[in-house]
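There are 2 protein chains.
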Amino acid sequence: MNFSTEQLPGAVEINEVGPRDGFQAEDEFMPTECKVEIIDALSRTGVAAIQVTSVVHPKAVPQLADAEDVMARIERAPGVRYTVLVPNLRGAERAVPMGADGWELMLSVTDSHSRSNANRNTDEALRGMEPVVALARENGVEVTGSMATALGCPFEGKVPFERVLYVAEAYRAMGVRHLGVADTVGVADPRLVFETMSGLKERLPGITLGLHLHNTRGMALANVLAALQAGVTEFDSSVGGLGGCPFAPGATGNISTEDLVHMLDLMGVGSGVDLDSMLAVAREVKEVVGHPLESAVARAGKAEDLHEAPQAQAL
Amino acid sequence: MNFSTEQLPGAVEINEVGPRDGFQAEDEFMPTECKVEIIDALSRTGVAAIQVTSVVHPKAVPQLADAEDVMARIERAPGVRYTVLVPNLRGAERAVPMGADGWELMLSVTDSHSRSNANRNTDEALRGMEPVVALARENGVEVTGSMATALGCPFEGKVPFERVLYVAEAYRAMGVRHLGVADTVGVADPRLVFETMSGLKERLPGITLGLHLHNTRGMALANVLAALQAGVTEFDSSVGGLGGCPFAPGATGNISTEDLVHMLDLMGVGSGVDLDSMLAVAREVKEVVGHPLESAVARAGKAEDLHEAPQAQAL
Chain A
1 MNFSTEQLPG
11 AVEINEVGPR
21 DGFQAEDEFM
31 PTECKVEIID
41 ALSRTGVAAI
51 QVTSVVHPKA
61 VPQLADAEDV
71 MARIERAPGV
81 RYTVLVPNLR
91 GAERAVPMGA
101 DGWELMLSVT
111 DSHSRSNANR
121 NTDEALRGME
131 PVVALARENG
141 VEVTGSMATA
151 LGCPFEGKVP
161 FERVLYVAEA
171 YRAMGVRHLG
181 VADTVGVADP
191 RLVFETMSGL
201 KERLPGITLG
211 LHLHNTRGMA
221 LANVLAALQA
231 GVTEFDSSVG
241 GLGGCPFAPG
251 ATGNISTEDL
261 VHMLDLMGVG
271 SGVDLDSMLA
281 VAREVKEVVG
291 HPLESAVARA
301 GKAEDLHEAP
311 QAQAL
Chain B
1 MNFSTEQLPG
11 AVEINEVGPR
21 DGFQAEDEFM
31 PTECKVEIID
41 ALSRTGVAAI
51 QVTSVVHPKA
61 VPQLADAEDV
71 MARIERAPGV
81 RYTVLVPNLR
91 GAERAVPMGA
101 DGWELMLSVT
111 DSHSRSNANR
121 NTDEALRGME
131 PVVALARENG
141 VEVTGSMATA
151 LGCPFEGKVP
161 FERVLYVAEA
171 YRAMGVRHLG
181 VADTVGVADP
191 RLVFETMSGL
201 KERLPGITLG
211 LHLHNTRGMA
221 LANVLAALQA
231 GVTEFDSSVG
241 GLGGCPFAPG
251 ATGNISTEDL
261 VHMLDLMGVG
271 SGVDLDSMLA
281 VAREVKEVVG
291 HPLESAVARA
301 GKAEDLHEAP
311 QAQAL
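Residue numbers (the working numbering), protein chains in the order written: chain A, 1 to 315; chain B, 1 to 315.
No lab work stands behind these hints, which were simulated from the structure alone. As the structure is a computational prediction, the values presented were derived from the model and not from experiment. Hints are supplied without guarantee of correctness; some may be wrong.
No copy is singled out in the list; a pair is fine if it fits within one copy or between any two copies.
As the list claims (entries may be wrong) - Computed list of lysine-lysine pairs in DSBU-like fashion (alpha-carbon distance at most 30 Å, straight line):
(1) Lys-286 - Lys-302
(2) Lys-158 - Lys-302
(3) Lys-302 - Lys-201
(4) Lys-286 - Lys-59
(5) Lys-158 - Lys-201
With the rest of the complex left out, here is chain A:
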């Protein structure tokens, strides 16, 4: 068994979600100018896509109330996809004039989480997505069907694979060809990730799958490894590991883009992202948010950084 070449993909795509999933978790509203500056810096790191903002109702997520402004003011780099998170039809109608390259539709696989987050159960949320998908098609916008709590729910615990498949098939029936599997509260383990992603690939040929991980229990990079072994080649991650978990205050958030790229680089899996550029953005982010980052590499430096051996004790 050759771990590197037989089991792992040669390259993956990074979808940077810090500007949405990260900024919305900050206590303070981040000034629009800062958001734009960070997104523009991210555009120059080599990420495949950036989730710029969300068209959720500003009362629900005041941190992203400037969605239109941010989208209008960023400088779009050629080759980078700029997406917005779209929770419902009202949001989609707001999103149309913003001209994003893609919409990420978001709903929860478990009813209790769906009710808690969107005040409707999963089936209702799925029905609500039908006109959204139609509107995207009319406007030539690509959609990703994201599945929150697909790898575990804070209220219901383990989620049966058949439930995830049910939601995935409902998305597919609407014509969605790109799905996102989310470990919303950071409870997935590598075996679950491998089995879920392998299972979905097998049952849904022709569908592309991305993975959205949180590092709440330290397993995010192990889950990346398992996902790579299952053939997954699209990963969400957040610069500086921004993002939180409402059920575990003080816990780590999204998998950090630096930590992900650092591991991929060491393993010889290409991502197109320049790690030094990303670490520079992380330093900028740290300044702006004003608290330490949950990013191991930002804290400790790269594995390849060498230190000088102490001279005093040299023979």
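We have chain A; now place chain B onto it with these hints.
This is chain B only, laid out in the frame that chain A set:
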């Protein structure tokens, strides 16, 4: 490919190293009484072994100057192996009357790290271990030949596999049958771990291998997964993730025992450790050391902990 049953071992052994590798990294000297209390609590968690202390010179590591006292005062539980770290012959002579079940011999695979740590190069350190191994044999003590910097050196960077094999074979020539591979500064990635552990297993039949990981760059649990896939069944870990990295102040230390056991439990790999008992010890450790722990599960809770769905928004 079935991730769980074909690729992974059914059970592993945990060697708790917090009392040595962790306590020695604390700024403050931990009172002997506290050490004994924590070790006794660890004895009741189900770990296979505990590295109790080190017989390094007290001037070099004042935090463990009470090695004899600690060893004499702990209550040894049946079935648990109690070991001490032995850096040289002088230490071994101190260790004999302590009556440990095992000695962990420690030397660095890279000359620059060996000189920095022990003021001698690797070959000199290996020659110095010969009388230590002989003394262990005379006293019926099991030895583990540990190899610091085997997966990367802070001064030299990447370490060629042939260099690790050279040191492993030197240990074997002395009659050592149990080796420890250490990622001393937390730079290993899963591919390197898989290839090194697989390579050593292939080249050294009959030798048992343990793995000592640091989580400095967030890859420890991913490295565990890779090691499991290489058939490794012995892991060092530290309660609360105690332990530091002198080259990355503020960075995470050893892989946390709670995080390791938590992931193994979720994956169905037995360790014999009761996670709740270990989390209780971690809480005690946190009190004693007086700073936050680098343990994701201690911070965030277990994946299986459920939360109550908010009633206000329920349909």
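Structure-based check of all given hints:
1. Lys-286 - Lys-302: Answer is both: 17 Å inside a copy and 28 Å across each meet the 30 Å cutoff.
2. Lys-158 - Lys-302: between (35 Å within a copy, 13 Å between copies)
3. Lys-302 - Lys-201: between (34 Å within a copy, 29 Å between copies)
4. Lys-286 - Lys-59: within (26 Å within a copy, 39 Å between copies)
5. Lys-158 - Lys-201: within (20 Å within a copy, 36 Å between copies)
Consistency with the previously given hints is maintained throughout, with no hint failing.
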